[in-house]
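**Q** Take a look at the letters that make up each chain.
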Amino acid sequence: MSETMTVSKQQIASKRGTLSTFWHDFRQRKVAFISFLFFVLLVILAVIGPYIVPFNPQTPDYNHVLQGMSQKHWAGTDEYGRDVLSRLIAGTRISLGIGISSVLIGAMAGTILGLVSGYFGKWVDKTIMRICDVLFAFPDILLAIGIVAILGPGLKNVIFAVAFFSVPSFARMVRGKTLEVKEMLFIEAEKSIGAKTNRIIFRHIFPETIPIIIVYLTMQVGTAILAAASLSFLGLGASPSSPDWGAMLSMSRDYIGTAFNLVFFPGLAIFLTVLSLNNLGDGLRDILDPKIKD
Amino acid sequence: MKKYIVKRILGIIPLLFVVSFLIFLFIHLVPGDPARLIAGKDADLQQINAIKHQLHLDEPLYKQYIDYMNNLFHGNLGESIKSKVPVSELIGERIVPSLELSLLSIAWAMVIGVLIGIISAIFKNRWPDNIGMITAVSGISLPNFWLGLVMIQIFSVKLGLLPTGGIETWKGYLMPSIALGAGIMAMIARFTRSSLVQTLKEDFIRTGRSRGYSGLTIVFGHALRSSLIPVVTVAGLQFGFLLGGSIVVETVFSFPGMGRLLINSIQMRDYPVVQAELMLFSFEFILVNLIVDLLYGFLNPKIRYD
Numbered sequence: 001m002s003e004t005m006t007v008s009k010q011q012i013a014s015k016r017g018t019l020s021t022f023w024h025d026f027r028q029r030k031v032a033f034i035s036f037l038f039f040v041l042l043v044i045l046a047v048i049g050p051y052i053v054p055f056n057p058q059t060p061d062y063n064h065v066l067q068g069m070s071q072k073h074w075a076g077t078d079e080y081g082r083d084v085l086s087r088l089i090a091g092t093r094i095s096l097g098i099g100i101s102s103v104l105i106g107a108m109a110g111t112i113l114g115l116v117s118g119y120f121g122k123w124v125d126k127t128i129m130r131i132c133d134v135l136f137a138f139p140d141i142l143l144a145i146g147i148v149a150i151l152g153p154g155l156k157n158v159i160f161a162v163a164f165f166s167v168p169s170f171a172r173m174v175r176g177k178t179l180e181v182k183e184m185l186f187i188e189a190e191k192s193i194g195a196k197t198n199r200i201i202f203r204h205i206f207p208e209t210i211p212i213i214i215v216y217l218t219m220q221v222g223t224a225i226l227a228a229a230s231l232s233f234l235g236l237g238a239s240p241s242s243p244d245w246g247a248m249l250s251m252s253r254d255y256i257g258t259a260f261n262l263v264f265f266p267g268l269a270i271f272l273t274v275l276s277l278n279n280l281g282d283g284l285r286d287i288l289d290p291k292i293k294d
Numbered sequence: 001m002k003k004y005i006v007k008r009i010l011g012i013i014p015l016l017f018v019v020s021f022l023i024f025l026f027i028h029l030v031p032g033d034p035a036r037l038i039a040g041k042d043a044d045l046q047q048i049n050a051i052k053h054q055l056h057l058d059e060p061l062y063k064q065y066i067d068y069m070n071n072l073f074h075g076n077l078g079e080s081i082k083s084k085v086p087v088s089e090l091i092g093e094r095i096v097p098s099l100e101l102s103l104l105s106i107a108w109a110m111v112i113g114v115l116i117g118i119i120s121a122i123f124k125n126r127w128p129d130n131i132g133m134i135t136a137v138s139g140i141s142l143p144n145f146w147l148g149l150v151m152i153q154i155f156s157v158k159l160g161l162l163p164t165g166g167i168e169t170w171k172g173y174l175m176p177s178i179a180l181g182a183g184i185m186a187m188i189a190r191f192t193r194s195s196l197v198q199t200l201k202e203d204f205i206r207t208g209r210s211r212g213y214s215g216l217t218i219v220f221g222h223a224l225r226s227s228l229i230p231v232v233t234v235a236g237l238q239f240g241f242l243l244g245g246s247i248v249v250e251t252v253f254s255f256p257g258m259g260r261l262l263i264n265s266i267q268m269r270d271y272p273v274v275q276a277e278l279m280l281f282s283f284e285f286i287l288v289n290l291i292v293d294l295l296y297g298f299l300n301p302k303i304r305y306d
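Going line by line, the protein sequences match chains A and B.
Letter 153 of the first sequence, counting from 1, is numbered 153 in UniProt numbering, and no numbers are missing.
Letter 78 of the second sequence, counting from 1, is numbered 78 in UniProt numbering, and no numbers are missing.
Just chain A, with the same shape it has in the complex (with noise of 0.2 Å):
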């Protein structure tokens, strides 16, 4: 009786498959999944925001200038009388939009060269690992200072400047895991069989290298932000007017002593999304990569 019901859990289990059981480990860690319950929010408010905001987030009101939080406007208003909590989710759009689209730009860069340099290795991969080594002699957030410095301000040369700096990162840890990959059986056994070398690398060392990617993929996106909005309260990224959260805390230096919701929301806007994003990455990373945890 008890053999049988070991034979029908393992044919449960089988049947499961590695997507339910990753989503059953995943709902068991609760920060994780908290965290990844508010990006989802935050990622439905990025698309549907604009059209459920309660004030037009650019229009000015001169004669509500400067309100504090009150039950029209819950988080105050601006100097120009703008609905804060109307800005701050019309915001969610770009400051994802940046984050996400500069680290699949940097992630698919990286990724391909770090298959590229690992796989064929020898001079193609002491090159590609010498640029990265040149690229990692700066300090993240200076190379892309350096980067809009050279192309000027704006919301496009942030996302290149941070997807710039993102390129190396990837590059080495894809590399890493190609470098292992490449020695496995059934790598052998492809090439035995006469596989081409694009075969090899997207269709079975590529799938390898996904779980790594995911889980440095979510934390890169906060550091993203991040940089994204310190740029941008440099003055160096959105334009001031625009409802990035970085500008908006930007624009909020003048009125410090005045308006302390023009300071606390936007700060707090960026602190959640990426509090939940390195979460949902250090929940990610004790499923996907369980070597690294602890």
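Think of the hints as simulated: they come from the structure by calculation, not from any bench.
Note that the Cβ used here is the ideal one computed from N, Cα and C, for glycine as well.
Check each hint, because a few of them may be wrong.
Said to hold, decoys possible - Across the chosen pairs, the derived CB separations fall in these ranges:
#1 31(B) <-> 214(A): 32 to 42 Å
#2 111(B) <-> 288(A): 33 to 43 Å
#3 33(A) <-> 128(B): 16 to 26 Å
#4 257(A) <-> 295(B): 41 to 51 Å
#5 82(B) <-> 180(A): 49 to 59 Å
#6 134(B) <-> 288(A): 45 to 55 Å
#7 272(A) <-> 161(B): 24 to 34 Å
#8 21(B) <-> 272(A): 40 to 50 Å
#9 214(A) <-> 128(B): 30 to 40 Å
#10 134(A) <-> 84(B): 27 to 37 Å
#11 209(B) <-> 69(A): 46 to 56 Å
#12 9(B) <-> 31(A): 37 to 47 Å
#13 5(B) <-> 289(A): 30 to 40 Å
Fit chain B to the given chain A structure using the hints.
**A** What follows is chain B alone, placed relative to chain A:
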């Protein structure tokens, strides 16, 4: 060991050259004519040519690079276009406050970070650990400029205890160093915890326990020493984070340091100053990384030197 040190030091020379070349190219990478950009919209051809001449942009590229490196070795970093003051003088005034701020930040961050890490590791998965790690992950996620602004609001505006900026007294260093160190403290706390948790699983600790040593003796007398080796290196590697952070934090507190000079120079398109600062920041970063690397080898005898 000596051979390894020499090898590592010689190894960074090519890197320094490549980095210096890239930063030299910086001014040439600016789209359009940098001289025209610096001169402004209303400048006539004569003014533009004067700036070109001043920056030696009218000379062939290889000659510009040789001159540039020659000047660099002689400590001549050029002249600010806006204030006409030698760049070395501008940086000289600001380097000491910036270094003081960095050292102060990393000092408190290490002490508090290691403490939180130890407490978390001892009470692993219990409430002190949870609180410690919530603090740590919050510290990493906190925008340092926001922390700075909120502190100004509370301690300067509301309570009137601390100055909003300037460094006339030691009080001027307090809030900037807290804003700057928070993230590093958090990372050190996380790293100390994980390192100590790993060490506490080792055989020599089990032996210690079986001999009846108390928990505290084991942690402070045995485990901590070997767990702190990677923590030292992590603290060192946070220096880059510190450099980046200082740029933002100095702007928040109008701190008279290198970071604020960089941002002001970028906004005024004072390229010689920007170039010199980028150079200094990246050289500093490379050197600190080298020192950390050597220190790691020194502290951890398991590292092989070949």
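**Q** Next step is simple, just say for each hint if it's right about the structure.
**A** Now the hints, each set against the structure:
Separated by about 36 Å at the C-beta atoms, residue 31(B) and residue 214(A) satisfy the suggested range of 32 to 42 Å. Against the hinted window of 33 to 43 Å, the Cβ-Cβ separation of residue 111(B) and residue 288(A) comes to about 34 Å, which satisfies the hint. Between residue 33(A) and residue 128(B) the beta carbon distance is about 23 Å. The supplied range of 16 to 26 Å therefore holds. Taken as a hint, the range 41 to 51 Å holds for the pair residue 257(A) and residue 295(B), whose Cβ atoms sit roughly 45 Å apart.
Look at residue 82(B) against residue 180(A): about 53 Å separates their beta carbons, and that is inside 49 to 59 Å. For the pair residue 134(B) and residue 288(A), the beta carbons lie near 23 Å from each other, so the given range of 45 to 55 Å is not met. Evaluation of the 24 to 34 Å hint for residue 272(A) and residue 161(B) yields a pass: the beta carbon distance comes to about 28 Å. As the Cβ distance of residue 21(B) to residue 272(A) is approximately 42 Å, the hint placing it in 40 to 50 Å holds.
About 31 Å separates the C-beta atoms of residue 214(A) and residue 128(B), a value consistent with the hinted range of 30 to 40 Å. Checking the proposed 27 to 37 Å range against residue 134(A) and residue 84(B) shows it holds: the Cβ atoms sit about 33 Å from each other. Here the CB-CB span from residue 209(B) to residue 69(A) is close to 55 Å, well matched to the stated 46 to 56 Å. Residue 9(B) and residue 31(A) have their C-beta atoms about 44 Å apart, which keeps the hinted 37 to 47 Å range intact.
Between residue 5(B) and residue 289(A) the C-beta distance comes to about 34 Å, which sits within the given range of 30 to 40 Å.
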